[in-house]
Amino acid sequence: ETGVTQSPTHLIKTRGQQVTLRCSSQSGHNTVSWYQQALGQGPQFIFQYYREEENGRGNFPPRFSGLQFPNYSSELNVNALELDDSALYLCASLAGGHNEQFFGPGTRLTVL
Amino acid sequence: GNSVTQMEGPVTLSEEAFLTINCTYTATGYPSLFWYVQYPGEGLQLLLKATKADDKGSNKGFEATYRKETTSFHLEKGSVQVSDSAVYFCALSDRPGSNYQLIWGAGTKLIIKP
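Note that the protein sequences, when read in sequence, are chains H and B.
If you count by my numbering, then the first sequence holds residues 1 to 112, one letter each, in order.
If you count by my numbering, then the second sequence holds residues 1 to 114, one letter each, in order.
Keep in mind the hints are simulated off the structure, nothing from the lab.
Backbone N, C-alpha and C fix where the C-beta goes; we use that ideal spot for every residue, glycine too.
Take these hints with a grain of salt, some might be off.
[Unchecked claim] Pulled a few chain B residues facing chain H out of the computed Cβ check, cut under 8 Å:
no., residue
1, G43
2, L46
3, D55
4, S58
5, F62
6, F89
7, L102
8, W104
9, G105
10, A106
11, G107
12, I111
[What the hints assert, rightly or not] If you anchor each label on the Cβ, the simulated ranges turn out as follows:
no., chain 1, residue 1, chain 2, residue 2, range
13, B, Y30, H, G16, 36 to 46 Å
14, H, E82, B, P114, 41 to 51 Å
15, H, S73, B, K56, 13 to 23 Å
16, B, T71, H, S27, 17 to 27 Å
17, H, I12, B, K56, 41 to 51 Å
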């Protein structure tokens, strides 16, 4: 148990739709990262939020966006879903100044 | 850019066998290196880490040494158990002193047979 939860566990959407995935970090962890893990591959960094501001972004288009809230929860929003967006989406939290990320169990998104 | 390459799986071993999973990296500067494990149906867990050259990370009988001269961070265990069956990921952080923006290998599935 890492103390990081994600919802929903599974989700099915159709191409063109929008989706919001949620993450609840450990209390006191003011940094959250989101990753996309395609089947059989390692995770790919999407972006990171620190104190409610985006402070790092991977090679993902603007239709991937996020929010972080003062209560240590965060969201990943994806607009105009494409088939290739089908993946496991992971969030990870860490406390400032510490050197370990704690991962949630992920949300499995399927785009049809 | 920075990258991580790890040996393809699956790796299938008998219980009590010696394990090595190779990991090499490409990075500028001095990245931190990590091994994560993903058990079936569970999230990623940090297994061990090393933050500077010649550091040895260890946990649960697993070890890995940060070798800057060979840009490697191979995972080893002397005697594996069935419960070690999982997918193992090697990763690096290209921001010194922290591990956000991790760059990951593709993962190696380990299967241990009784």
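> What hint numbers does the structure not satisfy?
Replying inline: Hints 3, 4, 5, 12, 15 and 16 are the ones this structure does not satisfy, whereas the remaining hints hold.
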